[in-house]
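Sequences listed follow chains A and B, in order.
Converting from the first sequence to this note's numbering requires adding 45 to each position, the first position being numbered 1.
Converting from the second sequence to this note's numbering requires adding 45 to each position, the first position being numbered 1.
Accuracy of the hints is not assured; some may be wrong.
[To be verified] Using 16 Å as the maximum straight-line C-alpha spacing, the simulated EDC-like pairs for lysine to aspartate or glutamate come out as follows: (1) A:Lys239 with B:Glu213; (2) B:Lys99 with B:Glu117; (3) A:Lys137 with A:Glu117; (4) A:Lys192 with A:Glu180; (5) B:Lys50 with A:Glu123; (6) A:Lys50 with B:Glu213; (7) A:Lys179 with A:Glu164; (8) A:Lys179 with A:Glu191; (9) B:Lys201 with B:Glu164; (10) A:Lys66 with A:Glu191; (11) B:Lys239 with A:Glu213; (12) B:Lys199 with B:Asp176.
Honestly, the hints are just simulated from the structure, not real lab data.
Just so you know, these numbers come straight off a predicted model, no measurement behind them.
Number of protein chains: 2
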Amino acid sequence: MSSPKRIGSIIVVTGPSGVGKNTVVEQVLDNVDGIAHSISITTRDKRPGEQEGKDYFFRTRAEFEKLIAQNEFLEWAEFAGCLYGTPKAWVKEQIENGLDVILEIEVQGAMQIAKQCPESVLVFLSPPSFDALKERLNGRATETPEKIAVRLEKAKNELTQRHLFNFEIINDNLEVAVSNLIHIIHAERCRILKAQ
Amino acid sequence: MSSPKRIGSIIVVTGPSGVGKNTVVEQVLDNVDGIAHSISITTRDKRPGEQEGKDYFFRTRAEFEKLIAQNEFLEWAEFAGCLYGTPKAWVKEQIENGLDVILEIEVQGAMQIAKQCPESVLVFLSPPSFDALKERLNGRATETPEKIAVRLEKAKNELTQRHLFNFEIINDNLEVAVSNLIHIIHAERCRILKAQ
């Protein structure tokens with residue numbers, strides 16, 4: 046029946062570092078139309094194979110702090126000594142054009158979005174177990190043992206926060222995890238928005 | 046991560062008579078595991094091809110009224126002169142065993158479920174247009190013109206109630222409608238239940 050033009054959803058995919066957010070999100074983007082991937086700005090070092098403007102916008106800490114002062118972030122967070130943020134204006138433009146926007150962000154940032162944009166869809170990606178997460182991080186050749194230890198300590202706390210989110214997907218089987226995120230995105234497109 | 050045993054969801058599929066609830070629900074049941082179909086009790090006449098205990102339990106008005114008095118219904122409603130109701134104990138047992146239960150019911154009944162079971166998932170199936178609904182009902186050889194007129198009048202009112210539900214699926218293309226209901230069911234299985 047005649048509905049007003051749909052506003053897109055902000056789909057936040059979060060979870061501990063190493064849980065596989067990037068892989069799940071990439072596969073979802075390959076399989077769903079009408080969805081855009083928000084590219085974060087970060088001060089962390091570029092990993093081998095990462096590209097400016099595709100994986101992240103890489104900026105200095107001074108440049109990042111200037112953007113914070115100009116209120117240009119939807120959320121930002123410091124994690125393992127690096128800053129990460131989501132550019133606000135771009136996300137707003139996409140959802141007003143009816144596109145969904147997927148944000149793949151750290152747990153701290155996701156909690157900021159939950160407060161600022163309560164209508165956003167918050168998905169927590171969990172590892173099948175803490176040991177599985179540990180193995181995955183140790184398998185990453187790009188991180189020092191010290192950085193891994195910091196990430197694991199952080200992950201422990203983050204896992205206790207997952208009840209604050211709308212959906213939990215356990216990344217035990219990649220194909221199932223990808224399907225579940227696709228189900229959530231399509232279901233949200235059928236959601237009836239309550240009058241504000 | 047270690048989650049408590051999941052309680053199933055009550056998935057309510059409602060919408061005006063003639064919108065195609067039955068066809069959509071049948072196809073979903075054929076394609077989703079872990080879901081049970083609640084069979085309603087009704088006082089309406091059996092249509093050709095319908096089977097006792099498969100499509101409905103067919104009862105007399107006196108028998109139905111006795112069940113109301115015994116508080117045996119999760120919801121019941123009168124529609125076009127006939128009574129329809131959902132047996133309570135059976136639904137409760139299924140969801141406690143972790144199965145989802147799909148109820149395919151009239152709009153009045155769905156609104157009772159919304160009040161009694163606020164955690165249930167309320168899906169409104171809409172026709173692409175009112176004229177499309179009219180054509181569909183006229184194509185049903187099993188109904189008298191008088192009964193169709195009553196159903197259409199009722200449908201007009203029901204369509205104004207769809208904002209009371211969680212999801213709207215427009216039954217324009219059967220395959221898409223079925224997919225959307227499947228997406229909603231799987232998404233709900235990932236939902237994190239908030240502490241009561």
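Verification of the supplied hints:
no. : hint                   : verdict
1   : A:Lys239 with B:Glu213 : 12 Å, holds
2   : B:Lys99 with B:Glu117  : 19 Å, violated
3   : A:Lys137 with A:Glu117 : 12 Å, holds
4   : A:Lys192 with A:Glu180 : 14 Å, holds
5   : B:Lys50 with A:Glu123  : 35 Å, violated
6   : A:Lys50 with B:Glu213  : 14 Å, holds
7   : A:Lys179 with A:Glu164 : 33 Å, violated
8   : A:Lys179 with A:Glu191 : 13 Å, holds
9   : B:Lys201 with B:Glu164 : 27 Å, violated
10  : A:Lys66 with A:Glu191  : 22 Å, violated
11  : B:Lys239 with A:Glu213 : 12 Å, holds
12  : B:Lys199 with B:Asp176 : 14 Å, holds
In terms of the numbered hints stated before, the structure departs from hints 2, 5, 7, 9 and 10, listed from lowest to highest.
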